[in-house]
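*Asks:* What the sequence shown shows, in my numbering, is residues 1 to 312, in sequence order.
Mixed in with the good hints, there may be bad ones.
[What the hints assert, rightly or not] In silico BS3-like cross-links for lysine-lysine, where the CA-CA straight-line distance does not exceed 25 Å:
no. : residue 1 : residue 2
1   : Lys-236   : Lys-220
2   : Lys-59    : Lys-106
3   : Lys-59    : Lys-273
FYI, nobody ran anything at the bench for these hints, they're computed from the structure.
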Amino acid sequence: MRSSRAQLILMLSLVAILTSCRLFSSQPLATSHNYCEPTIAYQYDSTYLPLADVETILKIDSSLTHRYTRHDLLLANAMGILPLLRELISLEGSNQLNSRVDILTKYQQILNRIILTSTQISGLAAELDCESERAERIATYLDQRDAQRIRRLTILSVVLGAATTVATALIHADGTAKVVGIGGGVLGAGFGGLAATSSTHSVPFHHDRNLLADIWYQPKQSSVYPPMIWYFLNEKVFSNLGEHTISHNTRQRWQDYVINGTSADQQALYFGKGGNYEADDLHNRANMLNQLQSSVRSINQDLQSLVLSLTR
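Could you put together the complete structure from these sequences and hints?
*Replies:* So, in structure tokens, the structure goes:
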């Protein structure tokens, strides 16, 4: 009798172990390289870098402030076209015969810088969108894998419970029936408990060029953002309230709604060069990238204001 009980318990245990191995022995996902990074390193003309002493220049040169708003002038400084605007104003007040050609030439130079700015905005927004999609794709894979795991564990728990019920009904020995019933119930409950717990499966996910890092650490200069966009993100006048910069406000939203409650290791994961990500971490990263993409795209609204001022 004792031998039969032991055999039944051993059989149930083997079934549980073999099934568990089948459920959890799949190989981790091999993530690809970061295909969102630019294929070349961009070189920016130092002639058109934003001026650090722009406020001093605006106080001295009243011709600029009479023609354009402070908002538009700071945006022009971000694009490096403040000297071009000054030259344009000077040419428009000239009575020389060839001034018309010079004015058109100056307008074309300004237009070229605006077009370049627009491509920088689009390029960075595309990279942010790609990075978000890359994180979401892997997160979705992990979510589907976890859902499959829960479904299999749930089915196994139900089947094991049914098998235990049938077995106890067929076994006439009272003691053996109790052992089988208790053993099957414990195993069924165990599988049900595993189904209720979240998976901690992770995958390696790397980002040597991390667009989130500079927003989080707030350096004075950025090695990954174009100078024009970095100036815009760190000038208070371009934010809605004008109290803090866009980069500061973006970081604060991350702090309040995404990073809140995360560990120091998770923050190092998000803003470093990458590591082993779980699904929730990847969803968080995608959310931050999407928020940042919206901030970058909003530059087009300010750009439109300057273009309207130039066409008046």
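*Asks:* Does each hint fit the structure? Answer for all of them.
*Replies:* Quick rundown of the hints versus the structure:
no.: 1; hint: Lys-236 - Lys-220; result: 14 Å, holds
no.: 2; hint: Lys-59 - Lys-106; result: 23 Å, holds
no.: 3; hint: Lys-59 - Lys-273; result: 43 Å, violated
Figure legend: structure checked against the earlier numbered hints; the only hint not met is number 3.
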